[in-house]
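Given chain W's structure and the hints, the job is docking chain H onto it.
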Amino acid sequence: MVAQSRGFRGAAPATGGSLATKLFEINWLLPTLVGVLGLVGVTMIFSATDGVWRYGAFQHFVRVGACGLVMLVVALVDIRVWYRLAYPIYAVGLLLLVGVEFFGVEVNGSMRWLDFGVARLQPSEVMKPAIALALARYYHDLPSHRVSHIVGLIGSLILLALPMSLILRQPDLGTTLLLGTTGVVVIYLAGISWRVIGFASAFSIVGIPLFFKYGLKPYQQERVLTFLDPSRDPSGASYHITQSKIALGSGGVNGKGFMQGTQRQGEYVPENQTDFIFTVIGEEFGLVGGMLTITIYMAVIGVCLWLSLQCKEMFAKLLILGLTTTFTLYIFINLGMVMGLVPVVGVPLPLISYGGTVILAVMGGFGLILSAHLHRGVELPRSA
Amino acid sequence: MPPLLPQSKADKNLITRRTAILGVGGIGVFGTLAARLYQLQVLQAENYRTLSDNNRFNFNMLMPERGEIRDRFGVALARNEQNFRLVIIPERTDEIDKTLDRVSRISPLSPGQRDRIQKDIQQNPKFVPILVKDNIDWETFSALNMRLHALPGIVSEAGHGRAYPENGVFSHVLGYIGRAGANDVEVDDDPLLKQPTFRIGKTGVEAAEEKTLRGSSGQLKVEVNARGRIVREWPDPATRATPGKDVWLTLDAELQEFAAKQFATEDEGDDSGGVCVIDIITGELRTLLSMPTFDANLFVSGLSQTDMDRMNNDPKRPQYNKAIAGGYPPASTFKMAVMLAALESNLVDPAKTVFCSGKVQLGNRTFHCWKRQGHGRMDMRDALKNSCDTYFYEIAQVIGIDRIADVARRLGLGAAYDISIGGAISGIVPDGVWKQERLGTGWRAGDTLNASIGQGFVLATPLQLAVMTARIANTIDAVVPHLVISQTLPVFEPLDIDAEHLAYVRDAMWAVTSEPGGTAFRHNPFGVDPSVKGMEFAGKTGTGQVRGISTAERLTGIRKNAKLPWKLRDHSIFVGFAPYDRPRFAIGTIVEHGGSGSKRAADISRAVLGEALRRDGSVDMSTAETGALE
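Protein chains in written order, with our numbering: chain W, 377 to 760; chain H, 3 to 632.
Treat each hint with caution, since some may be false.
[Said to hold, decoys possible] Mimicking DMTMM-like on lysine to aspartate or glutamate, the simulated pairs with C-alpha atoms at most 25 Å apart in a straight line are: (1) Lys223(H) / Asp426(W); (2) Lys223(H) / Glu643(W); (3) Lys128(H) / Glu647(W); (4) Lys128(H) / Glu643(W); (5) Lys213(H) / Asp190(H).
[To be verified] Taking CB as the label site, the calculated pair distances span: (6) Ala495(W) / Val44(H): 39 to 49 Å; (7) Arg104(H) / Leu586(W): 53 to 63 Å; (8) Ala537(W) / Arg104(H): 52 to 62 Å; (9) Asn56(H) / Arg571(W): 46 to 56 Å; (10) Glu482(W) / Asp311(H): 47 to 57 Å.
Derived from the structure by calculation, the hints contain no laboratory data. No residue lacks a Cβ here, since even glycine has one placed at the ideal position from N, Cα and C.
Chain W extracted, bound-state conformation (with noise of 0.2 Å):
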């Protein structure tokens, strides 16, 4: 009975409420808030693309309509259901990798996408919000005394492990180590202890620059270096950077104005409707624009955290913030990229780039963390 009573306290109880009543129950910050990212998107990208509708502003729109429906529906179904197919999910995900490997379509050297006729699918993905969901499962059913048990560090780091490996094959260094990262951050949160963070800390001192010069191709070795050192290769590697920065830094405070930006119209910044999204917004909108852009991020990020707290469960407080995290890993690798700060590794901006499988990905993650704090009564089993 103390448990039943520790389980309703709090926020109303949302277990056998009927559609209306969770529809209504449902965090309608969080879902605003993406919405308003999405439609940043449609502006930004009906710029980039000269301000033709069809040439992506329009498929944004609409994608960001149906993942929407997709975000709620997630969010309406019960998070034992989720944490049932968890693990299932982790399993669809790494078969999707492993089917990239023998059936992959390349694209730019490097090969990331499932060609299905109809539509084209980017596993690595779909493994975005499936790892935050094993490792939350994991976590969840591992008793708190094993967390900084080697067995069970090894668990998690094997969950971690494949499908990294499998991406960083394709390859694609910047999802991989935004796994990577994601990862241990919900190690951390799960309560390894600080001995063994203060170990693994010591081991990478050592162990990253093996990586680098092993487990890296020479073309990721030369975006690393040429961040580090960007007189290495002016007109290569560093292009993209130095023009980004070029179209940040001409817009100022105010911007040029909405379809006025001249690095956009001279197509200097590649790829400015997807990974560089924000260099349209910041030579457009400027500071202002962009510090707006980048405080919607955090109220978002914010609201997450603070959903968290309202969850009691271990899988929904590990699921939230891990798919928080890996949410602020995009902005921050692609934001920092954009500034030159970070490496181009070729991550895109969360809801703004064009791109059909990151908006799934990032929205149906929103639904599963809606989902949890909408059923943040439901007791969830939980083994000794």
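Structure of chain H alone, referenced to chain W:
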């Protein structure tokens, strides 16, 4: 009840604490991004704005229209004509080869042209139009236009191209234009030269008057994208291109064409040689012709290998400007210089006769007169009229080579004239110093004898022979030739030869053409046209030997020129001026392997001088001259 595990509470606190730490980390991350954005967009904004403008703007060059080249009456000799051409824009087609094949079916492209197109395509961005073919005639152009839909990437254009309408007779003078080469760019830093479609003068007047003809470029500010394609043009600051100025030549286009026609033969095509007509007062060249000619338009549109081979293998060497760069032995036309040297030296009495037996013995060498049986007794005037070699052998020995060389130089031989077109050679007026320097051996008496009849080492061009004759006819000024009409009138040095001596020589030259028995005698030399009937002229024939004549051949009879292969025939040479009593024009004519000077060269000179006089009388000079000097 097992559901609540002992560590749940601890878990919750731990994860909340750790979430808080994560949140602080997140704020740190976003703080870093915001700071970076502030740095880029506020602190360094000015710097990046400049970089953005550098990206954005280019200054495109506007090309000036080239000046035209006209004759003295304003007839266009080189002009800018509408030029139909095809270009291909590589980015608009995936099948460049197929497209070019189809073009070839209508307007053939040589393998050389195909190579050039492919090379240009590789060296330029894909949106830059590459010239496929220009100077296409209207019919072919129309046919191509009809099929443009089947020729992806091909664009037809009507632009301006250089055209030389006067049938090739000015080719040597005008030269031609072409794309600037590496050497041109080295000496001339005008950025126009680096434009792929810009053409500069390569030879002739086109090259010599390049500064006047070229004009200067204008500038247009354009906004370009990352691949260099123009996004839009900015009206300001734009400067127009300044077109090049026209260049007016002293030449008379119709006279030049008339002269060219005189070189035609019945069975051997055009004769090879050069002719030069000069105004004896001003030094203006009315005709400067080298034969045979070539079509300079071929050089503009790109010479095919066949055309090139045909020109290079032609024994008559059409590209070679024989009028200024062809050095020939002047033969008997040199005798005026010897005569004047003798008169100026006061060592020879012109009335004193020399007996010509047909040959002169010098040591163990025999020097022959062209007339084997000899001329008999000859004074100086008769010697020139009959072109008696023996007389000149004798007086040359008296006066010596140095005096002859001095007078020859004063008459304008041995000097390269800068007539605005490159390539004029100096010829040779030999003397002891020259021979020592050039051949390293001393001057011998026999050399003087050879020189006295314009053979041996002596070399002159048709231009030099015309100048020599002009100076003899002018009496006072050492006339210098020029080809381009300029604002300033030429000032000449004094000739510094006794006027009486010159009059004596002119009289002897008159005898050559106007006294029965003279080597070039003819009644009414210029015809019976009222404007020229009764006009007299004076001149001198020359027959330049191009082969040694053996003793055996002399004994058995010298072979007639007509029976010899073309290459071995004598050069036919003539100099003259007209009218005799108040000279206007002088002429120098050489017909390579044309036989005796009294025939081919004399006939051409007579006809051309007559035409020059006829045109001089009939053309209203007052209007033409003002036009020329504007």
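Which of the listed hints are broken here?
none
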